[in-house]
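Keeping their order, the protein sequence lines are chains A and B.
One gets the numbering used here by counting positions in the first sequence from 1 and adding 386 to each.
One gets the numbering used here by counting positions in the second sequence from 1 and adding 5 to each.
Heads up, none of these hints are tricks.
Quick list of simulated restraints, FRET-style, between CB atoms:
{"#": "1", "chain 1": "B", "residue 1": "Trp165", "chain 2": "A", "residue 2": "Glu655", "range": "55 to 61 Å"}
{"#": "2", "chain 1": "B", "residue 1": "Tyr166", "chain 2": "A", "residue 2": "Ser836", "range": "43 to 49 Å"}
{"#": "3", "chain 1": "B", "residue 1": "Glu132", "chain 2": "A", "residue 2": "Arg656", "range": "41 to 47 Å"}
No lab work stands behind these hints, which were simulated from the structure alone.
Beta carbons: idealized from backbone N, C-alpha and C, even for Gly.
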Amino acid sequence: MTTISSPVLHRHDVLIVGAGGAGLRAALEASDGADVAVLSKVFPSRSHTGAAQGGIAAALGNVDDDSCEKHIFDTVKGSDYLGDQDAIEVLCSEAPQTVYELEHLGVPFSRLPDGRISQRPFGGHSATRACHAADRTGHVILHTLYEHCLRKEVRFYSEYYALSLIREEGSVEGVVAWDVVHGGIHLFHAKAVLLATGGYGRVFKTTSNAHANTGDGMAMAYAAGIPLEDMEFIQFHPTGIYKLGILITEGARGEGGILLNGHAERFMERYAPSMKDIAPRDVVSRAIYREIRENRGIGGKDYVHLDIRHMGKKKILEKLPDIHSFALTYIGVDAIREPIPVQPTAHYAMGGIPTDVDGRVVVDDKGTPVPGLYAAGECACVSVHGGNRLGCNSLLDIVVFGKRAGRRILTDIGGLGMPGPAADVADAVCLRIEDLLSGSGEETAAGIRSLLQEVMMFRCSVFRNEQLLREAQADLARLRTRYAGIRIMDRGRVCNTDLIEAWELGDLLSLAETMVAGALARKESRGAHFREDYPDRDDENFLKHTLVRKGAEGPEISYKPVVITRFQPRERTY
Amino acid sequence: MERCFKIFRFDPENGSVPLYREYRIDVQPDWRILDCIHEIKWKLDGTLSFRRSCAHGVCGSDAMMINGKNRLACRTLVRDLKKRGVIRIDPLKGFPVIKDLIVDSDAFFERNEAVKPWFVNNDRPPEKERLQSPEERDRIDEPTKCILCGSCTSACPTYWYDKAYLGPAALLKAHRFIFDSRDQAGEERLEILNDLTGPYKCHTIFNCVETCPKEINVTGAIAELKMEILRSRLRKKSKSGR
Numbered sequence: 387m388t389t390i391s392s393p394v395l396h397r398h399d400v401l402i403v404g405a406g407g408a409g410l411r412a413a414l415e416a417s418d419g420a421d422v423a424v425l426s427k428v429f430p431s432r433s434h435t436g437a438a439q440g441g442i443a444a445a446l447g448n449v450d451d452d453s454c455e456k457h458i459f460d461t462v463k464g465s466d467y468l469g470d471q472d473a474i475e476v477l478c479s480e481a482p483q484t485v486y487e488l489e490h491l492g493v494p495f496s497r498l499p500d501g502r503i504s505q506r507p508f509g510g511h512s513a514t515r516a517c518h519a520a521d522r523t524g525h526v527i528l529h530t531l532y533e534h535c536l537r538k539e540v541r542f543y544s545e546y547y548a549l550s551l552i553r554e555e556g557s558v559e560g561v562v563a564w565d566v567v568h569g570g571i572h573l574f575h576a577k578a579v580l581l582a583t584g585g586y587g588r589v590f591k592t593t594s595n596a597h598a599n600t601g602d603g604m605a606m607a608y609a610a611g612i613p614l615e616d617m618e619f620i621q622f623h624p625t626g627i628y629k630l631g632i633l634i635t636e637g638a639r640g641e642g643g644i645l646l647n648g649h650a651e652r653f654m655e656r657y658a659p660s661m662k663d664i665a666p667r668d669v670v671s672r673a674i675y676r677e678i679r680e681n682r683g684i685g686g687k688d689y690v691h692l693d694i695r696h697m698g699k700k701k702i703l704e705k706l707p708d709i710h711s712f713a714l715t716y717i718g719v720d721a722i723r724e725p726i727p728v729q730p731t732a733h734y735a736m737g738g739i740p741t742d743v744d745g746r747v748v749v750d751d752k753g754t755p756v757p758g759l760y761a762a763g764e765c766a767c768v769s770v771h772g773g774n775r776l777g778c779n780s781l782l783d784i785v786v787f788g789k790r791a792g793r794r795i796l797t798d799i800g801g802l803g804m805p806g807p808a809a810d811v812a813d814a815v816c817l818r819i820e821d822l823l824s825g826s827g828e829e830t831a832a833g834i835r836s837l838l839q840e841v842m843m844f845r846c847s848v849f850r851n852e853q854l855l856r857e858a859q860a861d862l863a864r865l866r867t868r869y870a871g872i873r874i875m876d877r878g879r880v881c882n883t884d885l886i887e888a889w890e891l892g893d894l895l896s897l898a899e900t901m902v903a904g905a906l907a908r909k910e911s912r913g914a915h916f917r918e919d920y921p922d923r924d925d926e927n928f929l930k931h932t933l934v935r936k937g938a939e940g941p942e943i944s945y946k947p948v949v950i951t952r953f954q955p956r957e958r959t960y
Numbered sequence: 006m007e008r009c010f011k012i013f014r015f016d017p018e019n020g021s022v023p024l025y026r027e028y029r030i031d032v033q034p035d036w037r038i039l040d041c042i043h044e045i046k047w048k049l050d051g052t053l054s055f056r057r058s059c060a061h062g063v064c065g066s067d068a069m070m071i072n073g074k075n076r077l078a079c080r081t082l083v084r085d086l087k088k089r090g091v092i093r094i095d096p097l098k099g100f101p102v103i104k105d106l107i108v109d110s111d112a113f114f115e116r117n118e119a120v121k122p123w124f125v126n127n128d129r130p131p132e133k134e135r136l137q138s139p140e141e142r143d144r145i146d147e148p149t150k151c152i153l154c155g156s157c158t159s160a161c162p163t164y165w166y167d168k169a170y171l172g173p174a175a176l177l178k179a180h181r182f183i184f185d186s187r188d189q190a191g192e193e194r195l196e197i198l199n200d201l202t203g204p205y206k207c208h209t210i211f212n213c214v215e216t217c218p219k220e221i222n223v224t225g226a227i228a229e230l231k232m233e234i235l236r237s238r239l240r241k242k243s244k245s246g247r
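Throw the hints in and build the complete structure from the sequences for me.
This is how it looks when you write it as structure tokens:
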């Protein structure tokens, strides 16, 4: 049996977990006055922010008439009125300045002939609002932020996997982590911990998410007794490459691409007469599934076509070079000559760790903070996306709230003490690792994970109902039992990715349980959460955020009100 | 169809020597090589270690040598390789192996940092965006595609024998800033490059171009850097001559 020796200790003022856009933007901000360390299970430039294609939303008005006011309303409506309007106001009002700041940091945005930042239409946005760098906007933002962190000598711990929060008397004092390359437990003590670990799309079979997207931060918070908010809201992006789930940006439709069913009919005209193909993602994904269910998929199969041929070769290669290359590489489809086979793919978690607009983690409806703990980006729920996120609002979210969290941490750490070296906090984690490494059961993490991904895909995705969700709940309970009997083949410590996958699976199971619990309790349809047995939105009973806490018998549900300032809920049509 | 994979294995913990291990699995022509090695790891041998994340060629984690050429495992399909025979997978050459297909990339990233890889413009920024024409933006389009996967530097014979050489990836990063119309630290970077560790060490072997998964003309970019160093020296000379 492998024995885990005593942990290596580290101390920093600020510890950021996750090196995507939110973590790096926060690091950049906080490094102005504090000793900042960033811990990431992948090298920073490998973070999934780099896969964001289409753009970042901001009412610059470079192409047509636009205003922050319109952006706010579009986002509120897009969220199916579940987004907190005070937070949405912050997001959209700070958007133009945020984009200008990124440009000043050197982000190579695509340009208009007059030299200003180029913008294009995007789903659910009523103006031409998506600032972009061809179809790799996230990539250039991620690299730029990382490069400036290097300039500011932010300390990076790459390939460290965060396992557990150190929580003492209510406050958070650091993180227990595993050194993936060398093996071994490390204790990171910090005055402030920011979770910026992204989403957990890997809970589904078909997803646009990276293998690394296993919801580590959400699961750590949940395990530490912190509630998660609105976990039942998962966005399915309408256009993943058939079978693979690889993303084809909404920008393809923003630039004029259209969706066609098996009868070559532009079916979105029936579902969203005015916005058509660039209606919000929840609307388009449901429409695609309806077409497939009613036997109007391509050749009766479970996909439809995305047609961008009429854009012409020049524009496709200039505006959408990466997606042209994806379709060609993976399914041998030349999008200049043929339509691309697509189907919805699990893409984004609207829910997450509840925070205020300054990234402070808050645990209840009174906004009670957890001293020392912050969250930003997809792992957080501010909530600016409510029931459905608009395209391009997530790159905006990570930069706006990453920065705000970093700034708030700088203000707060003056009053936060450096925790003492309580080495025994890692004991439970060490035991768990030793257990995993010496497990002698029959199950494999890969086997259970693949079942989990199928359960979630077929019982808890775009269309849900009581029966499917009950089945999912029972399946998850069985998988949880089987998980206790897993055996890891790799018994070493160096680069033990087998061990990491096993730990990640435990997290995915917990998060799946929170999703199903929230979905069962929400007996209405709103945004991305659609219940066939309750097909209408029910503002009287469910215009509220779900909070799910870890209880002795499984997830416990409570609610908190939605912040409504200016826009009263109305019927949502496009 | 069944294919045989011959994979480089090295476990630093049990004191054994590196070896190749063969695995036979059923694959489909449209499987990514990443799908194949996942199949091996998940069904046959959990000890096989490799890096991966996005699985569609944008994060740069899974560069490895597949049938003798550096490629991304997630961007290479079974049907892209020769139809018969074993598929051989090795770690990136020129980088120390830690375990199996996982290499130590620290030196690679340190070289990247040596060229001051961050945007510099010390003027007070305007209220809105700085203007840049589409043509000026085009000038840096290629280098901004780089995903730091390491394929190019690992394929460079100069890098194999001279570890002081910055290597194609770091030079490409320098190019991205030197030719950005908005950047002001070009001269400073050219000073760093005007050294035997810089672009002069490129012998135009074009391995980097052949291997780049983003199809970037890295050798061309390095040649432009050589020219730019010369131009910069001429600029300085004519200035001091006045």
